[in-house]
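**Q** Residue numbers (the working numbering), protein chains in the order written: chain A, 1 to 259; chain B, 260 to 633; chain C, 634 to 926.
Among these hints, one or two may not hold up.
With beta-carbon atoms standing in for the labels, derived distance ranges [stated by the list, open to error]:
1. L19/A - A816/C: 19 to 27 Å
2. L667/C - G227/A: 37 to 45 Å
3. V784/C - L46/A: 32 to 40 Å
4. L19/A - A892/C: 54 to 62 Å
5. V10/A - R841/C: 51 to 59 Å
6. V784/C - L124/A: 34 to 42 Å
Honestly, the hints are just simulated from the structure, not real lab data.
Just so you know, these numbers come straight off a predicted model, no measurement behind them.
We put the CB at the ideal spot given by N, CA and C, even for glycine.
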Amino acid sequence: MTRRPPWLLVAVVATVVLLLHLPVLVLVLYSFNASRYAADWTGFTLHWYARLLQRPDILRALRLSLTVAAVSTVVATALGTLLALGLARRPFRGQRLVESGLYLPIVTPEVVAGIALLILFAALRVPLGVSTVIVAHVAFSTPFVAVVVLARLRGMDRALEEAALVLGADEATAFRRVTLPLLAPGILAGALLAFTLSLDDFVITFFVAGPGSTTLPVLVYSMVRRGIEPTINAVSAVLVVLTTIAVAVAGRVGVARRP
Amino acid sequence: MTEPGPIVEFRRVSKSFGDTRAVDAVSFAVHRGEFFSLLGPSGCGKTTTLRLLAGFEAPDPDGGEVRIEGEVVNFRRPYERRIGMVFQNYALFPHLSVERNVAFGLEEHRVPRTEIPGRVERALRLVRLAPATFARRKPHQLSGGQRQRVALARALVLEPAILLLDEPLGAIDLKLRKEMQLELKALNRELGMTFVYVTHDQEEALAMSDRIAVMSEARIAQLGTPAEVYENPRTEFVAGFIGEANLLEGTAGKRESGEGGCWGVAPRDGPSFLVPHHPAISEGATVRIAVRPEWLDLFAPGSVPPGENALPGTVLDVVYLGETMHVVVALDELRRVRVALRNEGQLVNPLPWRRGGAVMVAWRPEDCQLLELE
Amino acid sequence: MTAGLRRRLLASFARRPSAGSWALVSPALLWLLLFFAVPLALLLGYSLMHRGTYGGVSPGFTLEHYRRFVDPLYLAVAGRTLGIALATTALCLLLGYPVAYGIARAGRWRNALLFLVILPFWTSFLVRTYAMIILLRESGVFNAVLQGLGVISAPLDLLYTPGAVLAGLVYGFLPFMILPIYASLERLDLSLLDAAEALGARPAARFRRVTLPLSLPGVAAGSLLVFIPALGSFLTPDLLGGAKTMMLGNLVQNQFGPARNWPFGAAISFALMGVVFVALLAWLRVRDREAAA
């Protein structure tokens, strides 16, 4: 499609893309607004960011979010990669079922998943806390990682592993020296996806977090419910920046390695 | 005890995938240093046979024995067999340079680090790639032909007993392909290494092989030297797959008297022709023969030399192929034959046959091949 | 591990490839089984049990919760949920298809545009919903701009309406519609369009008869990815809808919060899952039929 697209199409695309970013841009902009009352712009300030640093509850929530994200990413990436590796091999009985079943967690509404987990923990008499949050995050991130890695695996030439086998490498060595290096970008992309999913998750976390395990999104929610204040803007802006960095890195890593 | 037996032996090997039999009780032996080809159309089982030899597939539980150098290797992994392999799409490791690719196998076999660079260099020279130019390059910086050479070097550097090649020249253009065919054949001779080669290109197989196993539908249809397979095809399939064959069929009538006499074979329509005696022919039996286009000749009606079979027909087309001219002749509504005549220069000495003209298609009775009836 | 043991282990896995595959797949499967499948089963179980005195459940089989759901009050919520979800999907399709089409034809700008569309896709849904509040509330930007331009004299009541929920959902889920449609458009074989042109088709006809049908898998996937989360959305109606625009997600959360009627909440969730399941099956059937064609 190299013919120059009609101006109407360009206008529509530009408008929609702009609208897609407008709310968040406004949000970030107003995080620097000196006025308490958002509508009036009274001057540029970093006051609200400074306030962030003085709020131990916000800092604690940020630290917790990052910790939960880090741990759940490691576990979800490991599980998801293994899952993808198993599914990418020669077809086995029940494979279609497993693969279709993989999409169920991705498609289930978060409310349902959240309360279902709440029920599980209540039935098992497990107290809600950081560990229940991590467990939940791993559960919903793993399928995403698996899908990403599986796509990359399926695009790989199977003959490469076989070539390694005839050259004297056993299966484990062939995996280490050939498959893994070529899979690395896909695994990294999956890990970054899991990281942002965990960092940003609200609904499921809301149901399975205990009183002492408030993540950043849960904190923001309670702040919003209590009443609007510019500090929320600053917190949100921080979340957005973290996510943007992760996405940019994922994009760069994914693009750079394309042979 | 020290009798040099065949280097590769398949004894009634079978391999199934689910309900499909990919290889059905196949038996053959490959001699040391031989250039042995597995030839056949797609789906005939040749690639599966190669993979059984390589060790990527194992035979069915009661599916015979695969032997390398006399030992049964049914369950031995590829890295435990003394084989090298060149893959159809080269399978070069994209994240490694040419020299790291070639060195890969040496590293896996724990060859001392000091020896590796030298062996890599020798292998690259063997396939006519200048190490200085190519060693550091990555596969995506190479042309198809160059990649093929690297794949070859990577396999040869390990000095395996047997080299397996899975349609290695498929993606290469014609001129380069013919060059590489000669190079592969030369390597086979110089190194004295056994080559097992899979291809669907019968010209390639004929040009390079010492012996060819023609496969069809999971079985070997015929195994022999290029001459045997081309000049004495046993079945209709082999006759048609290798080179072109004109098929003629009829019922055997009376046998002429005398030693080694011929049978008169009468087709359903048209005049009868003579077929040399063969024990399989008896009176009333169906006889099917293959006559290669180059064994046929064309004459104007009435001028056929005595002693030759002759069938009347009409010229359908005259095809210019450069070296040869093919004349397509219709014997009747259903049967047509291709006649190959040497091109002696259409500009100075053109063929007298024109579309629509009446001709006689002739051949000497002994210039035919009796086919097995399936 | 000794070399011999390692070799034997690998060989046995190679001999029975399915064993190796199951070994790889098991950890994740077990985790998902335990923390997804079992909870869902418990959910079903709870929906059929009696309500406990202090929250939770008490034993005893009953269908009362499902029966209770079939009450005009709750059916209204269900109806509104379905309506909003469908409207969201339709609007996302209307806005998203042209964008996906434009990106597919963008050439050099493709990667940049994709990044711009993917970014909100990964940004926190909560943050984006909150951003809508800032825009839409009485003292918000939208009203401020309109008042400043003199279009209106008093601030509009934009928040806490179904419209606000719809806007929030469309804004939130638009990337989910754009990306799958873009993926299927990108895979379009351009020579098909050339062939159609050679056969006499003008641009509009080429789009209608070649591009559109071939992009339907993407449309189906995108619609699924928007409809299902919209159906189960909880955050958007909670923050943007207020008490007047309650959706099924809020109803469920209510049962696990103040209302303390877990089995009823479970029953509603399961009804919700039922619709999700039907939508998923329909999509799978369409996809398999496309694959077979």
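**Q** Given a hint of 34 to 42 Å, does the C-beta separation of V784/C and L124/A actually sit inside it?
**A** 57 Å, violated
**Q** Is 19 to 27 Å a correct range for the gap between the Cβ atoms of L19/A and A816/C?
**A** Given range 19 to 27 Å: holds, Cβ gap about 22 Å.
**Q** Does the Cβ-Cβ separation between V784/C and L46/A fall within 32 to 40 Å?
**A** 33 Å, holds
**Q** Can you let me know if the beta-carbon spacing of V10/A and R841/C is within 51 to 59 Å?
**A** For V10/A and R841/C the Cβ distance comes to about 21 Å; the hint is violated.
**Q** Range first: 54 to 62 Å. Now tell me if the beta carbons of L19/A and A892/C are that far apart.
**A** 37 Å, violated
**Q** Using the Cβ atoms, figure out if L667/C sits within 37 to 45 Å of G227/A.
**A** Hint holds: Cβ distance 40 Å, inside 37 to 45 Å.
Checked against the numbered hints above, the structure breaks hints 4, 5 and 6 and satisfies the rest.
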